[in-house]
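Visitor: The lines below spell out each chain.
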Amino acid sequence: MPRIRPIRTEAIVLRQRPLGDADRICVLFSPTRGRVEAVAKGVRRPLSKLAGHVEPLSRGQFGLAQGRSLHVITDAQTLDAWPSLHDDVDRMTEALSMAELVDRSTDLDVASGPLYMLLKGSLDELARTSSPSVVRRWFTLRFLDQQGYQPELDECVRCRAALGPEGNGYAAADGGAVCPNCHQAGVGQRLSSPVFRLLRYMRRSSCEATTQVRVAADEAAELERHLRLSLEQALDGRLRSSSFTEALERAESYGHSAASVAADREREEQERAAV
Amino acid sequence: MQRSPATAPTIARLIEAFHRLPGIGPKSAQRLAYHVLRAPRAEAEALAQALLEVKDSTRLCGACQNITDADPCAICLDPDRSASTICVVEEPLDVAAIERAGVHRGRYHVLHGAISPMDGIGPEDLKVRELLSRLGDAAVEEVILAMNPNLEGEATAGYLSRVIGAMGVRITRIAHGLPVGADVEYADERTLRAAMTHRVEIDQSEGQG
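Heads up: the protein sequence lines correspond to chains A and B, in order.
So for the first sequence, our numbering puts the first residue at 37; every next one is plus one.
So for the second sequence, our numbering puts the first residue at 167; every next one is plus one.
Since the hints were made in silico from the structure, they are not lab data.
Be aware that a few hints might be false.
[What the hints assert, rightly or not] Some chain B residues close to chain A (C-beta under 7 Å, calculated; not the full set):
(1) Gly189
(2) Pro238
(3) Gly288
(4) Glu296
(5) Leu298
(6) Gly302
(7) Gly324
(8) Gly343
(9) Pro345
(10) Val350
(11) Tyr352
(12) Glu355
(13) Arg356
(14) Thr357
(15) Arg359
(16) Ala361
[Said to hold, decoys possible] Per label pair, the in silico range of CB-to-CB distance:
(17) B/Arg295 x A/Asp139: 27 to 35 Å
(18) B/Gly268 x A/Asp145: 43 to 51 Å
(19) A/Leu83 x B/Glu367: 21 to 29 Å
(20) B/Ala183 x A/Ala299: 49 to 57 Å
(21) A/Ala58 x B/Gly286: 24 to 32 Å
(22) B/Leu213 x A/Gln182: 35 to 43 Å
(23) B/Ala208 x A/Arg140: 48 to 56 Å
(24) A/Gln225 x B/Gly343: 46 to 54 Å
Here the structure is a predicted model, which means the values were calculated and not measured.
Cβ atoms here follow ideal geometry from the backbone N, Cα and C, with glycine treated the same way.
Same shape as in the complex, but just chain A (with noise of 0.2 Å):
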């Protein structure tokens, strides 16, 4: 029986699921090879010196073997840890959304080297900036852009006239920007001209570029709803990771009105111990 070669790749680790005691099945995401799922025997133990390289959200040298039904990693060295993405909670949201958003588009086994390069260049710059989602939302263009959904900019996706930089709606079910006259037909949402400025300044600029825009935290609450209809029409659904990012805004106040429900009870519990 010829000898199967073990293949040597470069990829992302997506994401991990537990497999048995001591296994996990590892989601890589390589350029040449596209999505691949293979198993990281015994990462589950303490001793064990695979566990480290093939932690989600870091990018590394693979060695992988064909299994029965999974691809095995025989070895792995670890290029970028990427660790301010797994310090900072802020970080590591935007980056697992991005990273599921490359799980739930791309096939087993099909090579997607420019979207390969998207997330890596993305997750870069997510390491280093001060505005997480920001650098996500220019990936959330950029994605929709290389899968073939790209928004509509340039003219009305109703009527084709010219889009003005006033008065346009967005109607991400359409597949972009309308004019003002379908808008006031009924078409699609208010998209305001900062945010119609800001989503053609982020087409044609860099991530770092477009982390040095300011925005009103009102234009950005606009263009992230916008993304965020384009993208369920792309995906035929919600990220799954969108939830944590919601519960995590809340967090703070969740908190503060915990320790306030604590504070009345304690305060009920001191005066009836007075009576």
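Following the hints, complete the assembly by docking chain B onto the known chain A.
Guide: For chain B alone, kept in the frame of chain A given last:
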């Protein structure tokens, strides 16, 4: 699992039941089933009794959410354990591991899982609300986060530190670094970084008489 005509249906059902257990493959399931078959009746009865008892008489401790026979559990009732420190862990087995090491004399809180954003497991799926209601007690001065040092553990610790931080309670997290018996040359970048960041001063007065 495919049934063989050579295996009696009763045994096949037992094999299937063992095969459903975590970490038990088809061969191990067969070995266990035939072991039970050959064992004395008393041994099989004891096993069946233990399985039923664990389902009938265990519950979650109302305070720490650990699995217990009595509510509150023995740890929460122990007057010698400090109520000022709560060690938060992912699973009941983590409590057992820390107790074996004998390194914590406070109380515990079991979350019954970890946040896994990509699997859609969020804080509402864990015993977070129960933890927050305990923290209202003025006696609690410190929360030790003893999550696993992986992505899910970090997401859980990040979320809890944000919520508990807003409540004004001191939060600490167990140290990360090289496990006992490991080789530095094989350690990954993040482990070495954590080990270096959390290095400790050697007490030079020790051993000088």
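Visitor: Determine for every hint whether it applies to the structure shown.
Guide: Now the hints, each set against the structure:
1. Gly189: 4 Å, holds
2. Pro238: 19 Å, violated
3. Gly288: Hint on B/Gly288: holds, closest Cβ of chain A at ~5 Å, below 7 Å.
4. Glu296: It is violated, given that the least Cβ distance between B/Glu296 and chain A is near 11 Å, above 7 Å.
5. Leu298: It holds, given that the least Cβ distance between B/Leu298 and chain A is near 4 Å, below 7 Å.
6. Gly302: 2 Å, holds
7. Gly324: 3 Å, holds
8. Gly343: 11 Å, violated
9. Pro345: 5 Å, holds
10. Val350: 11 Å, violated
11. Tyr352: 4 Å, holds
12. Glu355: Status holds, d = 4 Å.
13. Arg356: 5 Å, holds
14. Thr357: Holds - the Cβ of B/Thr357 comes within 7 Å of chain A, reaching about 5 Å at its closest.
15. Arg359: Check passed: Cβ of B/Arg359 comes within 6 Å of chain A, closer than 7 Å.
16. Ala361: Constraint on B/Ala361 not satisfied, violated at 11 Å.
17. B/Arg295 x A/Asp139: 27 to 35 Å: Hint holds: Cβ distance 30 Å, inside 27 to 35 Å.
18. B/Gly268 x A/Asp145: 43 to 51 Å: 50 Å, holds
19. A/Leu83 x B/Glu367: 21 to 29 Å: 27 Å, holds
20. B/Ala183 x A/Ala299: 49 to 57 Å: 51 Å, holds
21. A/Ala58 x B/Gly286: 24 to 32 Å: 25 Å, holds
22. B/Leu213 x A/Gln182: 35 to 43 Å: 57 Å, violated
23. B/Ala208 x A/Arg140: 48 to 56 Å: At roughly 53 Å between Cβ atoms, A/Arg140 and B/Ala208 fall inside 48 to 56 Å, so the hint holds.
24. A/Gln225 x B/Gly343: 46 to 54 Å: The hinted range 46 to 54 Å holds for A/Gln225 and B/Gly343, with Cβ atoms some 50 Å apart.
Going through the hint list in order, the structure does not satisfy hints 2, 4, 8, 10, 16 and 22.
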